[in-house]
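Asks: One letter stands for each residue in the lines below.
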Amino acid sequence: MKDKIRIASGQGFWGDLIDAPFHQVTKGKVDYLVMDYLAEVTMSILQKQKIRNPVLGYARDLPDLLKRILPICMDKGVKIITNGGGVNPVACADAILGIAVKSNINKLTIAVILGDDIRDNINEIISAGCELNNMDSGESILHYKDKLVSANVYFGASPIVEALKKGADVVITGRTTDTGLTLAPMIYEFDWDKNNYNLMAAGTIAGHILECGAQSSGGNFLGDWKSVDNMAEIGFPIAEAYPNGEVIITKHPGTGGKVTFETVAEQLLYEIADPSAYITPDCVADFSSIKLQDLGNDKVRVYDIKGKEATAFYKVSCSYADGYTASGSLTYSWPDALSKARAADQILRKRLDNLGLKFDEIRTEFIGYNSTHGPLSVKIDEDNINEIMLRVAVRSKEYESVKRFGMEIAPLILTGPPSVTGFAGGRPRPSEIIAYWPALIPKKLVRPEVKILELKQ
Amino acid sequence: MKIRLLDIAHGRSGDKGDAANVGIIAYDDKGYEIIKKYLTKERVKKHFDGICFGEVERYELPNLRALNFILNKTLGGGGTVSLKLDAQGKTLAAALLRMEIDINE
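Residue numbers (numbering that gives the first Met the number 0), protein chains in the order written: chain E, 0 to 456; chain H, 0 to 104.
Chain E extracted, bound-state conformation (with noise of 0.2 Å):
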């Protein structure tokens, strides 16, 4: 058994830094590369795009990215694991053969994860006594069910354990938790017991510390952030996990950020309800047990952490297409410059009233002055201010409607207040909002699959 292991954070989401794999597996030594792409938002994305394309539906930047680090982690005995699969894992899974054959490694093992789509179970699974109830509102799937445009269990760590025992090099999945990413290597490398809940708790923190990359190392640092040394080179998180269940968080020396015990406690209490019942499928951990000591040199030391027995349950995110959204913005100028896009709103409001249009929401925002926090910015010098820029929104179930609102925001610039600009990107586009049924499904109704894809020499 190793005495230690070193997990490094590549992706905090898709569309994160595209170099920081590559500089995660190349700076220093690590074990893991974990990758998380997967919003919920992202899910329902991927799924359009499989519709409309059977071998799409996982991150595109995948492929590309592996063709640049899979010969390099191939050569280091660096494993990779990462929820990019989106909701076609094993296509994704084809692409990265079809790189490594270019790449001629000639031996490769590759482990997809699947049976978290449960979009085509969704009768079955009623049937079964499950109605898939709103975790919000109590509220019944049965009026929804046919609209779905995804539904997904998120797996933990296990079905991944399982894969790295097969031997795989990569693992590929679809939704699986964030954490889980980062705790099944501990697992599966300390051989620890999955009963042990404080084991489970503390590979899964860690997994909460890594999960949103750089937002741990100094990135996005509410603290004094002024003191984050050379962002414009941010080293990305690694996770040093140790058998008994510490872990030391740090990233690779030279690189820019920092580790200290503010930086990380800003993550850990990123995105958390009760701290005391952080709930994923392999445990409950237990956030207000934590201990953080910083070690200097960018080293803090995470340990101590309580967990509990994991619930009977999986959650479920289910998605379904519910009207459209669009939002326009133009900038008005000193002098006036507030009075001015005030004055705009008003006139816009009133054309989309004369036009007899429907919205459920017509949203406001002057940027410069009151987008962020509403009600608690101070006032401004009115006769002062530089610029501004109005943000109108809309919502609407009529695809019409919204798509006129868009045709409505030029106009102004012509036949309102005057000194304005900043309308270069054309008309604002009616976009689809994807909304979204948290539910809870007894982990007894669906069954996570390896899958294991080789190429041998």
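Source of the hints: derived by calculation from the structure; they are not laboratory data. Misleading hints may appear alongside valid ones.
Here are the computed lysine-lysine pairs in the DSS-like style, where the Cα-Cα straight-line distance is at most 30 Å [stated by the list, open to error]:
| hint | chain 1 | residue 1 | chain 2 | residue 2 |
| --- | --- | --- | --- | --- |
| 1 | H | Lys89 | E | Lys47 |
| 2 | E | Lys378 | E | Lys47 |
| 3 | E | Lys314 | H | Lys15 |
| 4 | H | Lys40 | H | Lys89 |
| 5 | H | Lys35 | E | Lys66 |
| 6 | H | Lys29 | E | Lys290 |
| 7 | H | Lys89 | E | Lys305 |
| 8 | H | Lys35 | E | Lys396 |
| 9 | H | Lys1 | H | Lys44 |
| 10 | E | Lys378 | H | Lys72 |
| 11 | H | Lys15 | E | Lys290 |
| 12 | H | Lys15 | E | Lys49 |
| 13 | E | Lys314 | H | Lys40 |
| 14 | H | Lys72 | E | Lys75 |
| 15 | E | Lys144 | H | Lys35 |
| 16 | E | Lys144 | E | Lys101 |
| 17 | E | Lys305 | H | Lys35 |
| 18 | E | Lys47 | H | Lys44 |
| 19 | H | Lys15 | E | Lys225 |
| 20 | E | Lys402 | H | Lys45 |
| 21 | H | Lys35 | E | Lys298 |
Being a predicted model, the structure only gives us computed values, none of them experimental.
Using the hints provided, position chain H relative to the given structure of chain E.
Replies: Then chain H, alone, in the frame of chain E:
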């Protein structure tokens, strides 16, 4: 004596559907005693008047010198439904740090 929360604490915020989570972390133990005492659910709800339209939940994480708040009904519907520029509540931690506290009251 009035102190500004920004001077004794930092934090991070994000989304959970239509709710925002706002985590506030004190720089030292003295700061934690202040936020623990003065950052009540009621005071946070009042601070976010006109932004948060639901219940405020409050949780303590003494090991991290931190409090976590859940602001329900805050993000204009959340996800892709929301029309807000800050649909994910990313700037709300900074908004809470605007608060001034009179520690002699």
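Asks: For each hint, tell me whether it holds in the structure or not.
Replies: Do the hints match the structure? See the list:
Using a Cα cut-off of 30 Å, the hinted pair Lys89/H and Lys47/E holds, with the two alpha carbons roughly 28 Å apart. For the hint pairing Lys378/E with Lys47/E, the CA-to-CA distance comes to about 45 Å; that exceeds 30 Å, so the pair is violated. Between Lys314/E and Lys15/H the alpha-carbon distance is near 14 Å, which keeps this suggested pair within the 30 Å criterion. Distance check on the hinted pair: Lys40/H and Lys89/H sit about 20 Å apart at the alpha-carbon level, within 30 Å; holds.
With a CA separation close to 51 Å, the supplied pair Lys35/H and Lys66/E exceeds the 30 Å bound. Straight-line distance between C-alpha atoms of Lys29/H and Lys290/E comes to about 18 Å, which keeps the hinted pair within the 30 Å bound. At roughly 29 Å between alpha-carbon atoms, Lys89/H and Lys305/E fall within 30 Å of each other, so this suggested pair holds. About 44 Å separates the Cα atoms of Lys35/H and Lys396/E, which puts this hinted pair outside 30 Å; it is violated.
For the given pair, Lys1/H sits about 20 Å from Lys44/H by alpha-carbon distance, which is consistent with the 30 Å threshold. Distance hint between Lys378/E and Lys72/H is fulfilled; the C-alpha atoms sit about 25 Å from each other, no more than 30 Å. Using a Cα cut-off of 30 Å, the hinted pair Lys15/H and Lys290/E holds, with the two alpha carbons roughly 25 Å apart. Our distance criterion of 30 Å between C-alpha atoms is met by Lys15/H and Lys49/E, whose separation comes to about 27 Å.
At roughly 29 Å between alpha-carbon atoms, Lys314/E and Lys40/H fall within 30 Å of each other, so this suggested pair holds. Between Lys72/H and Lys75/E the CA atoms are separated by roughly 49 Å; this puts the pair beyond 30 Å, and the hint is violated. Between Lys144/E and Lys35/H the CA atoms are separated by roughly 45 Å; this puts the pair beyond 30 Å, and the hint is violated. For the proposed pair Lys144/E and Lys101/E, the alpha carbon gap of about 43 Å is over 30 Å, so the pair is violated.
For the hint linking Lys305/E to Lys35/H, the alpha-carbon distance of about 23 Å falls within 30 Å, and the restraint holds. The straight-line distance between the Cα atoms of Lys47/E and Lys44/H is roughly 40 Å, outside the 30 Å bound, and the hint therefore fails. Taking the CA atoms of Lys15/H and Lys225/E, the gap is near 29 Å; set against the 30 Å cutoff, the hint holds. Restraint check: the Cα-Cα separation between Lys402/E and Lys45/H comes to about 38 Å, which exceeds 30 Å; the hinted pair is violated.
For the hint pairing Lys35/H with Lys298/E, the CA-to-CA distance comes to about 28 Å; that is within 30 Å, so the pair holds.
Checked against the numbered hints above, the structure breaks hints 2, 5, 8, 14, 15, 16, 18, 20 and satisfies the rest.
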